[in-house]
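Colleague: Now for the letters of each chain:
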Amino acid sequence: MPSRSVAEKWTMKRMRQYDAIVIGAGHNGLCNAAYLAKAGLDVLVVERNPHIGGASVSRELYPGWTYSNCSYVCSLLRPEISRDLELARHGLQVVPYHGGVTFTQDGDHFGNYPDAERLHREMARHSRRDANAYERFEADVTKQTRLIRQFLLATPPDPTSFKPKDLKGLLEFASAFTGMGEEGLLDSVRFWTMSIGDFLDEYFETDVIKAHLSGSGVIGTALGVYSPGTAYVLLHHYMGEVDGNVGAWGFARGGMGAVAEALAASLRAFGGEIVCDADVHRVIVEQGRAVGVALADGTEYRAKLVVSNLDPKRTFLKCFDESDLPAEVVEQARNFKIRGSSGKLNIALDGLPTFNGLSPDSPLMLTDMHCTDSLERMERAYDDWKAGTWSQDPYVDMLIPTTVDPTMAPPGKHMMTVFVQYCPPTLAQGPWTPQARDAFGQTVIDQLAAHSPDFKDLILDCEVRTPHELEDEVGLTEGNIFHGELTFDQLLFNRPFPGCAQYRGPLRGFYLCGSGTHPGGGVMAAPGANAAREILADLKRPDVTPPSYPND
Amino acid sequence: MTPHDDQMLLDTPFASRVQAACELREWESWKGYASPIAYEDVELEYFAVRNATGVFDLTPMTKYRISGPDAAAFLNRLLTRDVGRIRPGRVGYTVWCNDAGMVLDDGTLFHLSPGDYRLCAQERCLDWLLTSALGLDVTIADETAEVAALAVQGPTSCATLRAMGLDGLEALRPFGLRHYPFDGGELMVSRTGFTGDLGYEVWVAPAHAEALWDALFAAGRDHLIRPMGNAALELARIEAGFIQAGVDFVPAEQVVRHGRARSPFELGLDWLVDFDKGHFSGRSALLKERAQGSRFRFVRLDVEGNKPAAESFILNKRGKTVGHATSAAWCPSAKRNVALASLEMPWGRPEDELYAEIYFSRELRWTRVEARCRIIDGPIWDPPRRRQTPAPDY
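For the record, the sequence lines run as chains F and D. With the working numbering applied, the first sequence corresponds to residues 301 to 852, in that order. With the working numbering applied, the second sequence corresponds to residues 58 to 451, in that order.
Simulated from the structure, these hints should not be mistaken for laboratory data. All C-beta atoms in this analysis are idealised placements derived from N, C-alpha and C, irrespective of residue type, glycine included. Careful, some of the hints might be misleading.
[Stated by the list, open to error] List of simulated lysine to aspartate or glutamate pairs, DMTMM-like, C-alpha gap at most 25 angstroms: (1) F:K713 <-> F:D757; (2) F:K713 <-> F:D684; (3) F:K468 <-> F:D843; (4) F:K713 <-> D:E227; (5) F:K465 <-> F:D838; (6) D:K377 <-> D:E427; (7) F:K713 <-> D:D224; (8) D:K374 <-> F:E380; (9) F:K686 <-> F:D789; (10) F:K756 <-> D:E427; (11) D:K88 <-> D:D224; (12) F:K443 <-> F:D408; (13) F:K443 <-> F:E482; (14) F:K713 <-> D:E420; (15) F:K713 <-> D:D450; (16) F:K713 <-> F:E771; (17) D:K374 <-> F:D843; (18) D:K374 <-> F:D838; (19) D:K374 <-> D:E401; (20) D:K345 <-> D:E401; (21) F:K756 <-> F:E769; (22) F:K443 <-> D:E420; (23) F:K604 <-> F:D579; (24) F:K840 <-> F:D458; (25) F:K713 <-> D:D271; (26) F:K713 <-> F:E360.
[What the hints assert, rightly or not] Incomplete in silico selection of chain D near chain F, CB under 10 angstroms: (27) N108; (28) T110; (29) G192; (30) T213; (31) D279; (32) N363; (33) P389; (34) F417; (35) D439.
[What the hints assert, rightly or not] Computed footprint of chain D on chain F; a stretch qualifies when at least three of its residues, placed anywhere within it, have a C-beta under 8 angstroms from a C-beta of chain D: (36) 375-387; (37) 704-712; (38) 843-852.
Sequences and hints are given; from them, build the entire structure.
Modeller: This is how it looks when you write it as structure tokens:
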């Protein structure tokens, strides 16, 4: 064996050997690393971008304005994690907002008021029967959120395994289902597989009410309101909470970057390290075991184990030599359903725009706003995506965080975030171009301007992001915000795919902790904590992740 | 002079504005004044204090004007703190005790100008003040109805007040006070509050009250100002770890059953007791207590889970009751389930394993849980802006 040069030896000596390396400083990577560090491991997080956060970022892209330029509202972040990692002490404050509004084409609107009686009156203005049916709708959705919430901070049991842990998990799963009663069980199976359109048709008769409630069923997915599986997506958006108010959403004060910053502060408090501008070229595999990462610039970091916060597709197809992986896993990763469907506009405004029919003092100004008033328009918007173009009549989830958060823009000025469905990852005529991106942006601006006469005049700056930018800048494959579709074939023990659903990769010493694993996307941090629990179990170390709050 | 007429509940000088803003029309009596429990939404009002600016009408707070050549001597006899250290233009938090060393009330002492003080308290204590003034050349007057006041609390409170024309306010240190001309009269601002956040209290003559409210809300519009009621304030004060007379302790003069009063030591207020300053009411009793030990310990607990431990018994690990929670709430900014609790000695040591016995009902079924409690050492919620001078804009 040739002797190493002195320089080589010196480099090797200098190179730290870590206990764990986490690829990607998104919220799940940071959460995972924080728990590993809390358990006493020597942890390094490597991040490709010059800033941390992944899709939980706050960026000053226009002087004086802060944009939450990817994820933009917070609800799913598990309260157990937030409390356990002392994210409040580390600077995170989530300020709730309540309600929503959908503007109709005839100049009216439907206001989803936070106060139950006011909401009833508003619904009754459109349909008395719908107003009453809403109580049944709420109870039925709550039954489902209660069912799923107890499995968020748990590893999905493997139904093919006979390990005591898996059998116990399956038993818990079965008892939760049977605990809902016979009718509940039947309803659940339907709910988890049916479309949001069909589900809403069972309760409501008014177009605008159905359209308003359907949005949560399609946000972030490449599915239409009549595609099977979208009822579950609604559930995914309803199962979060802010301070015990299940289903509530809030703004992270200072933008969504505050979530990542607080997680990073917690990680550092436990002794963890983060390196930015560290683009992982490949995971180093030796004798069937992941032993470190090699960066694009040639730097190598070694560790006893490697965890990926990236989506499954990017992880297995971009960060490995294919020959290092079982062929089956490469195939599974190729077939993993992760389709870009959304775009985003971040807009700096010179003042608060006015909207048709709304007083500037209306509580509805502090809510999420939409412009699609029927399920038919929702479905047609999806048709455009299938044809390989952005929706000509897009669905928007639009908010003005500065009506709640004073830190995002100068006093009296405003920042608007507009999430847009649908926007394809590539266009029928070819890849995205700057011209096409701007045309997409203009379509969205025109859509909003139809309901706000002064909106266009107030625009100071507008960042337009298509799936192309989301993939290129954030690393989300095809720009899919959930790291993979939230359809039943890719949930629970099938997320991301069979064999990798318990956070363990196909190689020894390799793990997954991103939203491509159970329980999926949204800024939840549960995958990161769940993965940490499995890693610590493999290392035979005590579990330092928090137990789930009881389901009462 | 105390106002009286045929109304069951009195109006504060801000009533016209408060009534217009109080969409929920939920009122309660605060020392005979109509005081809103909530205006629109308790949660939004609470978050106004933690995220922007919340405005609270604190006019019903009992206020005494204390002046005269012997004012400082009188206050030093009354209060456990050394009044000489509260210089003109400064405010101090303090308690006062009876001769048995039991707390009568807590409150804030404003040193308005040399020898001229205002004492703000939850409870009425004129009788005790006058008794304590025997032999001293001091004037004591109840000025509760003569001073209108708003608490302006939260991260954008300084920016709001500056936008109202209070130039240089950012330089005011915590517990400092300043005067500004306003509406042809004068306005006093103190950097004080009951929320544990950046905040101020603004004091004016009742004639200027409506003008103050209007100017404040106009200036605060771009700083996301919002009026707040008692429910939101209660949540903020528990999160700040502040105690309240009549809730966390029974004012000693009102105690009927033997042994139910508390000393400052038994409320965790040791730091307010200054034995070096000379005589004060309760001093000998407190010296004795310090030597012989207290009966109770006041603790702030972080309770496992998210069910507030309101009115809960606190148990030791053998299930024996060792105390009870006096105030409790899930605290949204601190992300802690806080309980303030009074425990029998010696319980409440760091090593003690304590549980809160919590009952809650869901759809007609009651559940009982024993939630592990951990003693909070240090502040529960303590944002840097609370102390920063110059005060930040948000």
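Colleague: Run the distance test for F:K604 versus F:D579: straight-line Cα separation, threshold 25 angstroms.
Modeller: Roughly 20 angstroms between the alpha carbons, so the hint for F:K604 and F:D579 holds.
Colleague: Given the hinted pair D:K377 and D:E427, is their alpha-carbon gap at most 25 angstroms?
Modeller: 12 angstroms, holds
Colleague: Does the alpha-carbon distance linking F:K756 and F:E769 stay inside the 25 angstroms limit?
Modeller: 24 angstroms, holds
Colleague: Could you check if D:N108 really has its C-beta closer than 10 angstroms to a C-beta on chain F?
Modeller: Because about 5 angstroms separates D:N108 from the closest Cβ in chain F, which is inside the 10 angstroms limit, the hint holds.
Colleague: Need the status of pair F:K840, F:D458: alpha-carbon distance at most 25 angstroms?
Modeller: Between F:K840 and F:D458 the Cα gap is close to 20 angstroms, so the pair holds against 25 angstroms.
Colleague: For F:K713 and F:D757, compute the direct alpha-carbon distance and say whether it is at most 25 angstroms.
Modeller: Holds. F:K713 to F:D757 sits at ~13 angstroms (cutoff 25 angstroms).
Colleague: Holds or violated: are the alpha carbons of F:K756 and D:E427 at most 25 angstroms from each other?
Modeller: 57 angstroms, violated
Colleague: Next item in the hint list is D:P389. Is there a CB on chain F closer than 10 angstroms to its CB?
Modeller: 4 angstroms, holds
Colleague: How does the coverage statement for the region 704-712 of chain F fare against chain D, requiring three or more residues with Cβ below 8 angstroms from a Cβ of that chain?
Modeller: Holds: 6 residues of the region 704-712 of chain F have a Cβ under 8 angstroms from chain D.
Colleague: Are the Cα positions of F:K443 and D:E420 separated by 25 angstroms at most?
Modeller: With Cα atoms ~13 angstroms apart, F:K443 and D:E420 stay inside 25 angstroms; holds.
Colleague: Check whether the Cα positions of F:K713 and D:D224 lie no farther apart than 25 angstroms.
Modeller: 22 angstroms, holds
Colleague: Quick check on D:T110 please, does its C-beta sit within 10 angstroms of some C-beta on chain F?
Modeller: 9 angstroms, holds
When held up to the earlier numbered hints, the structure conflicts with 2, 10, 11, 12, 14, 16, 18 and 29 and fits the remainder.
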